[in-house]
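Go by the hints and put chain B onto chain G.
Chains G and B, in that order, are what the protein sequence lines are. Under our numbering, the first residue of the first sequence carries the number 1, and numbering increases by one thereafter. Under our numbering, the first residue of the second sequence carries the number 1001, and numbering increases by one thereafter.
Keep in mind that the hints are not guaranteed to be accurate.
Stated by the list, open to error - Derived DEER-like restraints, expressed as beta-carbon distance ranges: (1) B/SER1240 - G/ARG178: 25 to 33 Å; (2) B/PRO1276 - G/LYS188: 26 to 34 Å; (3) B/ARG1059 - G/PRO92: 54 to 62 Å; (4) B/HIS1407 - G/GLU117: 32 to 40 Å; (5) B/ASP1032 - G/GLU380: 42 to 50 Å; (6) G/HIS407 - B/GLU1408: 35 to 43 Å; (7) B/ASP1080 - G/PRO92: 52 to 60 Å; (8) G/ARG228 - B/ASP1032: 32 to 40 Å.
As the list claims (entries may be wrong) - Derived EDC-like pairs: lysine to aspartate or glutamate, alpha-carbon spacing no greater than 16 Å straight-line: (9) G/LYS41 - B/ASP1338; (10) B/LYS1041 - B/GLU1326; (11) G/LYS41 - B/GLU1244; (12) B/LYS1391 - B/ASP1286; (13) B/LYS1041 - G/ASP338.
Rather than coming from a laboratory, the hints here were simulated on the basis of the structure. Beta carbons are placed, not taken as given, at the ideal position from N, Cα and C, and that holds for glycine.
Here is how the chains run, residue by residue.
Protein chains: 2
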Amino acid sequence: MRNKELGNDMPIGVGLIGLGTVGSGVVELLQDAPASLRRRKHVDFALRRVAVRDLDKPRSPALAPELLTEDAAEVVADPDVQLVVELTGAPPAFEWVSEALRQGKDVVTANKALLAERGEELFELALANGADLMFEASVAAGIPIIRSLRNGLVANRVESLYGILNGTTNYMLTRMSRGAGDYADVLKEAQDQGYAEPDPTMDVSGMDAAQKLAILCRIAFHCTGTGRDVFCEGIEQIESRDIEYARELGYAIKLLAIAKQQDGRVEARVHPAMVPEDALLANIHDEFNAIQVQGSAVGPQVFSGRGAGRLPTASAVVADMVELVERKAAGASTSIGDMILGEDAVAVVPIEDVQMRYFMRVLVRDQPGVLAGIARILAEERISIASVIQKERDFEGGSVPLVIVTHEAREAAMQQAQQAVATLDAVQGAVKLIRMEDL
Amino acid sequence: MRNKELGNDMPIGVGLIGLGTVGSGVVELLQDAPASLRRRKHVDFALRRVAVRDLDKPRSPALAPELLTEDAAEVVADPDVQLVVELTGAPPAFEWVSEALRQGKDVVTANKALLAERGEELFELALANGADLMFEASVAAGIPIIRSLRNGLVANRVESLYGILNGTTNYMLTRMSRGAGDYADVLKEAQDQGYAEPDPTMDVSGMDAAQKLAILCRIAFHCTGTGRDVFCEGIEQIESRDIEYARELGYAIKLLAIAKQQDGRVEARVHPAMVPEDALLANIHDEFNAIQVQGSAVGPQVFSGRGAGRLPTASAVVADMVELVERKAAGASTSIGDMILGEDAVAVVPIEDVQMRYFMRVLVRDQPGVLAGIARILAEERISIASVIQKERDFEGGSVPLVIVTHEAREAAMQQAQQAVATLDAVQGAVKLIRMEDL
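Excised from the complex, chain G in its bound form (with noise of 0.2 Å):
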C-alpha cells in the first residue's frame, strides 16, 4: 500500500533519531553521496524529522531547525516519515522502534543492545506490520558482515565464528603487547584517544562483545541466545606477563567471541583466548575489528575493518536504508521471515561442556613436590598435559611462576582442577586460566 503510494519518483521521508556521532555521520554520508550512491535508481532520501537530545546546540552539518524536535515519537509518528532511523543506543530506543513497526514504518537501527536483548519481539513485529528492521551497524560498525552471512554465505552452513567485536579491548591488548603497561595504564591511554569510555565495563567487561556474538548467532546458527546467555568473561585480569608468556607459547592474547556449532546446539561464548600468532585473527591490532567465519562450502573467511566510529558506522546505517529502499521500490515484501525463529531454532551450550584447551599460570613456592601435586589434581580431573614451562630466571623471593598447557579439556573439569590446585599450600595467589583457540 505504502509502496505504491510512494510511487518510485518520490523521495523516501527519513526520521531520525538521534543526531550524535552516527547520526550526524549519517547525514553527511547522505548530503556528500558518493557516485556509488547516486547510482542508485531509487535512491531518493529526504530528511524530514531528526529527534535531538539538546534544539539549542550548535550543529555540524547543519539542519534546518524546523526538522528538529525533541520528542523522539513525534519523528515516529510523522506521516511524512517512511523510514525511521535510530541512533541512539538508549533504553527507550524499545518503544519508539517497535511503535515505528507496529505502524509499517521500515527501521535501521545500529542498537546492538536493542537486538540483542529485545530482537525477537521485535522480528516478529515486523514480520506482522509488514515492516523490516535492519541492523548491519549493530555489530562491527561498517563490516558487512550481517549481509554476507545472510546473503553472500547464503549456501553454507556456517560451522563456526570467531569475532574481535569489541575495539576497545583490542586496542588495550595490543598496546599491552607492545610494551606500553600493564591493565591500568593501557586503559588510562585508551581513554585518553577516546577509544574507552570513563566507565569502560561493557567493554573491558566483554559485555559489548556477548551482545553483538548474541546477533551474529541469530543470523548464522538460528539460536535463541540472547546478550546474556553468552558466557563471557572480560580481559581485567590480563596482564603483560600473560601476553610475555603466551608470545613464548607462540600466541597472542585477544578477547574473542566464539560461537561454534555443536550436535544441535551453539558454544557462544566471550573470553581472552590465546590464539596462534600467524592467524589472521592475531594479527588483527589496535582499535580494529574481525570475524573469521568458517563456512561448510566456503571454509574459513576473515572480515577485517574498524569496528567503530563516525563514518565506519554511519556506512553501514546507509548501506541499510539503501537496501530497505530498492527492496521497497521493487514492491518487495520484507526480508524479515528468516530472521524469525522456528522448529530449527537452537540453543546455547553451557560454559561447563564447552572443551577447550587452557593455559593456567600459577605463582608457586620453589619446593620439591609442587608440580607433582598439580599434575596429580589435572590427572583426577582427567585433564591432560601437553606443556609446562618453569624457568629459574623468574624466580622471585622463594616462588617461581608456573605455566601449564593443557590438552582439550571440559570447561567444568578444569574449574573443579582450578580451585583445587588453588588449595595446595605452596600455590600463592589466584590461579589464573586463559582459554586457547587454534582457529
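Structure of chain B alone, referenced to chain G:
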C-alpha cells in the same frame, strides 16, 4: 510478465551449462541445501536442463539422464529454463550468455574472462532485455567481495583496492618464502598439488588476476578498462633471493592486483609487490585470496578466504541464484543499471604515469665507483634513494648483489634508470625491479 506467469509458488527453472568441478558443486549445494537456504521463502530451484561435454561420463551427484544434453544452446532455448547458470569458462560462453539475455533470461556466471573482456556488451544486453547478469564467483570465488562493494560499501567512495586474486601464484610465493625452492621448484610442486595447470601461463603471468581486477574496477570505480588495459607483470622472474632481501627489509613479496583513484582516473596494475610484513595481506598464505578495500567512510577493510575450488566457487554461484530469485519473486526490476558505464565512466592511467617506490637489485663487480655510477643515473632521473644494502658476505666470485630501495618515483623514470644502469660496465646481468606498496 515472466514473473507473473511464474508466481511465487512455482520453482524457478534452472539451466546449467557445464557440469565440471564448479557445476557439480552447485548441484551438490542445491541438493544438500543448508537450513539457511531452505528457510528462504522464494528459493525453490528446479534443474531443468544441463549441458555437458560428454553424455556418457559417469557423474556424482547423479542426474536424471533426460536432463542432460551436449548442446548448450538447448539449455538456453528451453522454455522451462528461466535462469541460465554458465560455468564452462569456455569461449562460446559469450554466445550462450548473450542469447540467454536476449531472451530475457537471467544469467549467473563464474566466467571472469567473459566479464572482464566483454562485460560492457553483456550488461547493455541485460539492461535492454530486462534481464540480470550476476558474477560473484568470477572474482575470489566464495568471498562476497562483489556484493560487498555494490551493497555493503555503497555509501563509500572506494579510494583504493589491493588484491591477492590468484591462488596459484600466492601458493608458489608462499612456498618460496618457506624455503621450498626457486620458481621452477615451486611451480612443479603447485602442479603436483593441483594448484597450477599444466600450462600455468594465465596464472603466473598475472593475466588471471588482471581480468579479475578489471571486474572489480568496473564496480569500485566505474572504470572502462578490460583485462588488457591492466598493466601486468608476472612472478616468473622472482627468485628466492628476492624474497630473502625483502624479508631483510621487513617486507613480503605478493602478486598484487592494485587499483587506485587518481585524479578522476584509475591506476590498475598487477605485479609482484613488496608489502610490509605486518600488513594483513602479507599474512595471506598458500592458495588463499584477499582483497583490501579503502573506503572513504569505512577506512581499510580486508576480505579473505579461498579464491578457487569446487564448493567455494559454487557457494558464490548459489548466492547469486538466490539473490536473483528473491529479486524476481518480489517483482523487482533488474539491478544491472549501476553496472552500465555512463558519463562518469573513468579510464585507466598509463603505467608510465604511476608513482611508487621501487626495490632494485643488480649484480655488480666489486670495484670502486659502482655505487656512485648507479646513484648518478638515479639522480638524473630525479629518483631519490631511501636505502642501500650491499654486504661483504654475499660476495660471489668477484661480484656482489647491490640492493637499492627508492623513494616514490614515476614508473617512466624508473624504467629509464633501469635501462641506463644495465649499460654500466660494472653491472652484470639484468637489473631487477620489484615495486613496493606500503598499503
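The hints, checked one at a time:
no. : hint                             : in the structure
1   : B/SER1240 - G/ARG178: 25 to 33 Å : holds (32 Å)
2   : B/PRO1276 - G/LYS188: 26 to 34 Å : holds (29 Å)
3   : B/ARG1059 - G/PRO92: 54 to 62 Å  : holds (60 Å)
4   : B/HIS1407 - G/GLU117: 32 to 40 Å : violated (54 Å)
5   : B/ASP1032 - G/GLU380: 42 to 50 Å : holds (44 Å)
6   : G/HIS407 - B/GLU1408: 35 to 43 Å : violated (52 Å)
7   : B/ASP1080 - G/PRO92: 52 to 60 Å  : holds (54 Å)
8   : G/ARG228 - B/ASP1032: 32 to 40 Å : holds (35 Å)
9   : G/LYS41 - B/ASP1338              : holds (8 Å)
10  : B/LYS1041 - B/GLU1326            : holds (8 Å)
11  : G/LYS41 - B/GLU1244              : violated (51 Å)
12  : B/LYS1391 - B/ASP1286            : violated (31 Å)
13  : B/LYS1041 - G/ASP338             : holds (8 Å)
When held up to the earlier numbered hints, the structure conflicts with 4, 6, 11 and 12 and fits the remainder.
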